[in-house]
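One letter stands for each residue in the lines below.
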Amino acid sequence: MPMDQEQQTATPPALEFDGKRASFLKVLIVNGILTILTLGIYQFWAKAKVQRFFWSNVRFLDDPLEYTGTGGELFVGFLIVIAILFPLGLIYSAIGSLVPPDATELRVGLEVVYYLVIFALLQIGFYRMWRYRMSRTTWRGVRFGLDGSTWTYLKLASGWTLLSAITLGFAYLWMQIDLWRYQIRHTRIGSEIFKFEGNAKDLMWPWVTVYIPMICIAGAGIGIMLSFESYTDNELPTMIAGKEVFVEIMGTLIGISLLTFFIAFFMYQIRQTRYQISGVKLGIASFKSMLPIRRLFIFAALSFLLMGAVILLPFIMYLGPNFDLGVFPYFETPEPATFSEAIAPIAFMFVSVVFIFPLIWSVMFKFEVIKQLVITTSIENADVLEQAAQSASETPRTGEGLADALDIGEF
Amino acid sequence: MPNTASFNDGKTAARHSVEIKIEALALVISDDAGHVITRWSLGDIRYANATRRTPPIRLRCDGNDARLNLDSDDDGAWLTHKCPNISKRDVGQIK
Numbered sequence: 001m002p003m004d005q006e007q008q009t010a011t012p013p014a015l016e017f018d019g020k021r022a023s024f025l026k027v028l029i030v031n032g033i034l035t036i037l038t039l040g041i042y043q044f045w046a047k048a049k050v051q052r053f054f055w056s057n058v059r060f061l062d063d064p065l066e067y068t069g070t071g072g073e074l075f076v077g078f079l080i081v082i083a084i085l086f087p088l089g090l091i092y093s094a095i096g097s098l099v100p101p102d103a104t105e106l107r108v109g110l111e112v113v114y115y116l117v118i119f120a121l122l123q124i125g126f127y128r129m130w131r132y133r134m135s136r137t138t139w140r141g142v143r144f145g146l147d148g149s150t151w152t153y154l155k156l157a158s159g160w161t162l163l164s165a166i167t168l169g170f171a172y173l174w175m176q177i178d179l180w181r182y183q184i185r186h187t188r189i190g191s192e193i194f195k196f197e198g199n200a201k202d203l204m205w206p207w208v209t210v211y212i213p214m215i216c217i218a219g220a221g222i223g224i225m226l227s228f229e230s231y232t233d234n235e236l237p238t239m240i241a242g243k244e245v246f247v248e249i250m251g252t253l254i255g256i257s258l259l260t261f262f263i264a265f266f267m268y269q270i271r272q273t274r275y276q277i278s279g280v281k282l283g284i285a286s287f288k289s290m291l292p293i294r295r296l297f298i299f300a301a302l303s304f305l306l307m308g309a310v311i312l313l314p315f316i317m318y319l320g321p322n323f324d325l326g327v328f329p330y331f332e333t334p335e336p337a338t339f340s341e342a343i344a345p346i347a348f349m350f351v352s353v354v355f356i357f358p359l360i361w362s363v364m365f366k367f368e369v370i371k372q373l374v375i376t377t378s379i380e381n382a383d384v385l386e387q388a389a390q391s392a393s394e395t396p397r398t399g400e401g402l403a404d405a406l407d408i409g410e411f
Numbered sequence: 412m413p414n415t416a417s418f419n420d421g422k423t424a425a426r427h428s429v430e431i432k433i434e435a436l437a438l439v440i441s442d443d444a445g446h447v448i449t450r451w452s453l454g455d456i457r458y459a460n461a462t463r464r465t466p467p468i469r470l471r472c473d474g475n476d477a478r479l480n481l482d483s484d485d486d487g488a489w490l491t492h493k494c495p496n497i498s499k500r501d502v503g504q505i506k
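Going down the list, the protein sequences come from chains W and H.
All the letters of the first sequence, read from the start, carry residue numbers 1 to 411 under my numbering.
All the letters of the second sequence, read from the start, carry residue numbers 412 to 506 under my numbering.
Just so you know, these hints were derived from the structure itself, not from any lab.
Watch out, some of these pointers could steer you wrong.
Unchecked claim - Once the Cα atoms are required to be at most 20 Å apart in a straight line, the calculated DMTMM-like pairs of lysine to aspartate or glutamate come out as:
| hint | chain 1 | residue 1 | chain 2 | residue 2 |
| --- | --- | --- | --- | --- |
| 1 | H | Lys422 | W | Asp383 |
| 2 | H | Lys422 | W | Glu386 |
| 3 | H | Lys432 | H | Asp486 |
| 4 | W | Lys288 | W | Asp178 |
| 5 | H | Lys422 | H | Asp455 |
| 6 | H | Lys493 | H | Asp482 |
| 7 | W | Lys371 | W | Asp18 |
| 8 | W | Lys366 | W | Glu16 |
| 9 | H | Lys422 | W | Asp62 |
| 10 | H | Lys422 | W | Glu192 |
| 11 | W | Lys288 | W | Glu192 |
| 12 | W | Lys195 | W | Asp147 |
Claimed, not checked - If you only want the chain H side, here are some residues facing chain W, beta carbon under 10 Å, derived:
| hint | residue |
| --- | --- |
| 13 | Ser417 |
| 14 | Gly421 |
| 15 | Ala424 |
| 16 | Ser428 |
| 17 | Ala459 |
| 18 | Asn460 |
| 19 | Arg463 |
| 20 | Pro466 |
| 21 | Arg471 |
| 22 | Gly474 |
| 23 | Asp476 |
| 24 | Asn480 |
| 25 | Pro495 |
| 26 | Asn496 |
| 27 | Arg500 |
Using N, Cα and C, we set each Cβ at its ideal position, and we do this for glycine too.
Using the sequences and the accompanying hints, generate a full structural model.
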């Protein structure tokens, strides 16, 4: 083995992950129970606990990260934002009720303004969420932080969104990388500012593999729509004579393109994440990510399989070895025999969707993503981070607010 | 005899080897040469990670960014038992 390689093997990795899936599952179950018992109020404390779990299990140069945010801060941030959003919603409803039903253009205009405001709030919420999280992250007592202006970020995001719309989504890749660049160039540990070196064109071919199926879906969809005669509100559309084969081909194309799109987008997201991390620098320290596509794909597939098994569980339990959907009471008789038979499947579906599916997804997939993000990232000249000096910048007083109100950024 | 530990002063991310011992109602943190770096009142000492009680133990002082990491073979019982508020989770742990 060459000397350099030998030294590299002997050096412990700069980033390590100590988290155990079983411990995470325990945290999520307790959080879920308390959130249900408190009618959702506990979710802010639950979120803080999950973040604390992940942060404390990431070790950098042998010392863990610390998350110093609290559920109370997140809750106060949420209340402040609700106090702003609620009157805005009332104003929107009031204006909406004043617009005559036949004033279509005015109504469309109002909708456009409404969605523009929601879009702006999402961008502001995302940036402020990142700011809060950075301000509540410390390593060896030195705080991370995010400077920069939320308004500049909003302007940047708005410009890129407009360009993405004009280019039918093609500019989305450039938008992602440019927003990341802004975010990273304003992120710091202590007073040391990170930078990002990268160009979106490096990701263009992986992006094309996502874009082509997307265009196929849109094109085939338009083709199908044009194969039907115009219809009124009371009538179903009728297919133009001789278009049957065309519609069938377009339908098959949509099916194939959808499948291709999901797989390509999954792979693209991982490649983009790798690229984003690998472009991060801090002085002479540089990051490199080798986030594995196949492993994460397997974990995503396993999560879906497990969710499928959960859905089938009541059928299997009800019928035992004679499992056959055809003899389940619902399929046999129009009315279930008892109240409990009627309510049990609905309750089960509710618990599955609200509690069990997110639990499976978090424990199986999200946990693996975070673990792999940490253990497959290497840092060259990591020692330079030890020179980071505490910054005197002020930190935000309240939590993620908009991000919570608009339900973005779970961890 | 003083115990050894590593110390982050909260001003930089550098790690310093230190010696620690209890004197009266304070934890005295000194460098290798014996010069006192700081004193932490026992009442102000907290676990840095409020949910972790197993080595390596990490401690903080209320209202302070500095961190003290006890050695991995030190369960900290000699010290933590004398800190009345060690498990307290103060709101807003940062300055």
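Hinted pair, alpha-carbon criterion (20 Å max): Lys432(H), Asp486(H). Please report holds or violated. holds, 15 Å
So, as I understand it, the hint says Ser428(H) touches chain W; can you test that by seeing if any CB pair is closer than 10 Å? violated, 13 Å
Holds or violated: are the alpha carbons of Lys493(H) and Asp482(H) at most 20 Å from each other? holds, 18 Å
Holds or violated: Lys422(H) to Asp62(W), with C-alpha atoms at most 20 Å apart: Distance ~19 Å between Lys422(H) and Asp62(W) Cα, so the pair holds.
Can Arg471(H) be said to touch chain W, with a Cβ gap under 10 Å? holds, 8 Å
May I ask you to test the interface hint for Gly421(H) with respect to chain W, counting a Cβ-Cβ separation under 10 Å as satisfied? Since chain W brings a Cβ to about 4 Å from Gly421(H), closer than 10 Å, the hint holds.
20 Å Cα cutoff - pair Lys288(W), Asp178(W): Holds - the C-alpha atoms of Asp178(W) and Lys288(W) are around 19 Å apart, at most 20 Å.
Restraint status (C-alpha distance of Lys422(H) to Glu192(W) at most 20 Å): This hinted pair holds, its Cα atoms lying about 13 Å apart.
Taking the least C-beta to C-beta distance, is Asn496(H) closer than 10 Å to chain W? Hint violated; Asn496(H) Cβ to chain W Cβ min 17 Å, cut 10 Å.
Does Asn480(H) pass the interface check with chain W, least Cβ-Cβ distance below 10 Å? holds, 7 Å
Would the hint linking Lys422(H) and Glu386(W) be met if the CA-CA limit is 20 Å? holds, 11 Å
Is the interface hint satisfied for Pro466(H)? The criterion is a beta-carbon contact with chain W at less than 10 Å. violated, 13 Å
Of the numbered hints given earlier, the model fails hints 16, 20, 22, 25 and 26; all others are met.
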